[in-house]
Amino acid sequence: MTAVQLQAEILSVQRVGEYLQFTVVAPEIADGFQPGHFVAVAVGGAQSSMILRRAFALSGATPSDRFAGTVQFVVAAHGPGTQWLVGRTAGELLDIVGPLGNPFPTPSGATRAVLVGGGYGSAPLLPLAQVLLDNGSEVEFVLGAATAARLFGELAAKRMVGRVTVTTDDGSAGEKGLVTDVLPEAIERSSAEIVYACGPMAMLQAVGDIAGKHAIRAQVAVEESMACGIGVCMTCVLPVRAADGTSRFVRSCVDGPVFDALNVRWRDVGRLPGDLLGADAMGGH
Amino acid sequence: MATMSTRLATVTLPNPVLTASGCAAAGRELHQFFDVSQLGAVVTKSIMPRARSGRATPRMAETPSGMLNSIGLQGPGIESFIANDLAWLAEQGARAVVSIAGTHTDDYVLLARKLAGHPAVAMLEVNISCPNVESRGQVFACDAIASSRVIGAVRRAADPAQPVFAKLSPDVTDIVHIARACADAGADGFSLINTLLGIVIDTDTLAPALGGVSGGLSGPAIRPVAVRCVWQVHQAFPHLPILGMGGIRTGLDALQFILAGASAVSVGTAVFGDPSAPVRVLAELEAALDERGLASVRDAVGLAQRNQRARVSA
Ligand SMILES: Cc1cc2nc3c(=O)[nH]c(=O)nc-3n(C[C@H](O)[C@H](O)[C@H](O)COP(=O)(O)OP(=O)(O)OC[C@H]3O[C@@H](n4cnc5c(N)ncnc54)[C@H](O)[C@@H]3O)c2cc1C
Ligand SMILES: Cc1cc2nc3c(=O)[nH]c(=O)nc-3n(C[C@H](O)[C@H](O)[C@H](O)COP(=O)(O)O)c2cc1C
Ligand code: FES
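Here the protein sequences come in this chain order: A and B.
Reminder that position 282 of the first sequence reads as 282 in this note's numbering, one-by-one numbering, no gaps.
Numbers given in this note's numbering equal positions in the second sequence, counted from 1, plus 285.
Source of the hints: derived by calculation from the structure; they are not laboratory data.
Some chain A residues close to chain B (C-beta under 8 angstroms, calculated; not the full set):
{"hint": "1", "residue": "2"}
{"hint": "2", "residue": "3"}
{"hint": "3", "residue": "5"}
{"hint": "4", "residue": "53"}
{"hint": "5", "residue": "228"}
{"hint": "6", "residue": "230"}
{"hint": "7", "residue": "234"}
{"hint": "8", "residue": "270"}
{"hint": "9", "residue": "276"}
{"hint": "10", "residue": "282"}
Take a look, some chain A residues computed to stay more than 10 angstroms from chain B by CB distance:
{"hint": "11", "residue": "18"}
{"hint": "12", "residue": "31"}
{"hint": "13", "residue": "76"}
{"hint": "14", "residue": "91"}
{"hint": "15", "residue": "164"}
{"hint": "16", "residue": "175"}
{"hint": "17", "residue": "191"}
{"hint": "18", "residue": "214"}
{"hint": "19", "residue": "262"}
Only a predicted model underlies this, so the values are computations on that prediction, with no experimental measurement involved.
Even glycine gets a Cβ: it sits at the ideal position worked out from N, Cα and C.
Required output: the full structure, derived from the provided sequences and hints.
Next comes the structure, spelled out in structure tokens:
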């Protein structure tokens, strides 16, 4: 998949709980979209002192037909860049690069899947659910967040699939607790063959562990700090085990952001494990 | 239209805009945004003899008009680099400036030998902003003797047809002093500048933001420092070519470096915000030369220094 850089007009900005959902005109990105792809958005305008792009998972795309194709993403206001972004309105232009990253792998035939979203992490899971349903799969959702206002996609999920379990840390919506409290039951009840997840790193690790205990795979989309998003800077690396048993620092922007949870060395994130390829050459610095 | 070709020692490049080491990998990822053979050359990520993991994350912190990085020279090692990256650049018809790095003088010598005679290698850029294991980890580029030893050894080991450029650190008291040591050791030119060391503290975790504690500052924030270094080194060694870099984001930024004395420029951090920045900077530079009635890049190199002398003597 090749990425393009374009000036995308904002078609609409909708408030969803604590988030804003942007729909922007980006035909070249929409036409190549697959669930799991993300975009990198420039922030602060042409003279911005914020020199790096911000990454957002695509929550949907409408390919071009009579109208130019559009893509959607969800923004949580966080630091200065996302604060700037949530101040944008329809009609303004955004400088966007995409589609980036590897999409979620999906089986060619029908499967039974549980999709686990933490906070805005449910965004890329909505279009994924559609792809799975289209190939005849059975899908159920587990959506969690700190509070009810930080849930995303609950209504859309309910419109698509029969079973949506919601958890919040404070009990303001659904069951009080974490997604991982209800996940084992969801896997067992649906005889799931695969789990897909997107959300905070600690959640992804726990989801991976639970899937492992049920002897099924978990495909998870990670969120690592990124400077370039296109594979040239090496800031976004994670320690990942390859099929041959060798572990390396791999770029989450171009080799991810979707990984098989089994291959990510979660406990070594933020560390330099001694058995990593090339760790022995780090003596100097 | 201004003549854009430029010379770096014995090498003639079709234009003076290059990528910066570590900011373009080996060009492959940028090729989806523009044809990398259109650039003066692709400067590749510093390569070392063996595979290196790089440092633990977090490796990056954004700062006002800049960023800190502590990648720690992650790379596949020279054999894989030649077999994959250099071969790919050759296939594209792109010119490569290969950046080499080491922790011992012997590392640099080995790398220069391995790259000798390779048709895609236009020249070598010697990244001496690395800790010297033989000198208790002091950075080569901060020590005139260590710098001269490495540059001399590389110049003797390298293919005579490949110019050897010393890439200097701005984190020194007198950059001209280090440049002189490199020039005396046989450097064919200079790459100016590498990043400046900095630290960011995360006020939420109350600890350093980077896994490696300190990192290299790059981006527009360092541009005036870089232009000053180019000015000083060009003034001291007007006959040695300079590849200038540090915060170049537009054609006018590039023009500042050329007017100060650079014969070519590298666009680094700007690529992260704008993947087509190198070709955009090239087009803007060409337009800026035309608007100013400058017939060629060559005419513009060091022009601000000549204008300054004329102003003082007038
Ligand atoms: C693949 C991917 C998908 C993402 N999807 C979404 C999404 O759908 N919705 C959403 O709201 N957010 C998403 N994020 C997180 C979003 O990119 C960050 O919240 C945002 O970059 C923070 O920018 P800031 O200006 O608010 O913060 P600042 O702290 O000012 O950012 C400074 C720098 O750090 C980087 N950074 C800071 N926090 C993060 C983070 N959590 N992840 C990655 N980079 C970070 C920024 O890119 C920037 O370069 C995603 C991140 C990645 C990597
Ligand atoms: C992420 C990153 C990685 C870098 N890696 C290298 C490297 O491997 N070797 C090197 O000589 N310089 C490296 N540099 C320094 C750049 O080549 C350049 O000298 C510096 O960033 C200033 O230019 P800029 O402001 O245009 O980026 C790196 C810079 C960045 C931001
Ligand atoms: S963010 Fe630059 S390599 Fe992944």
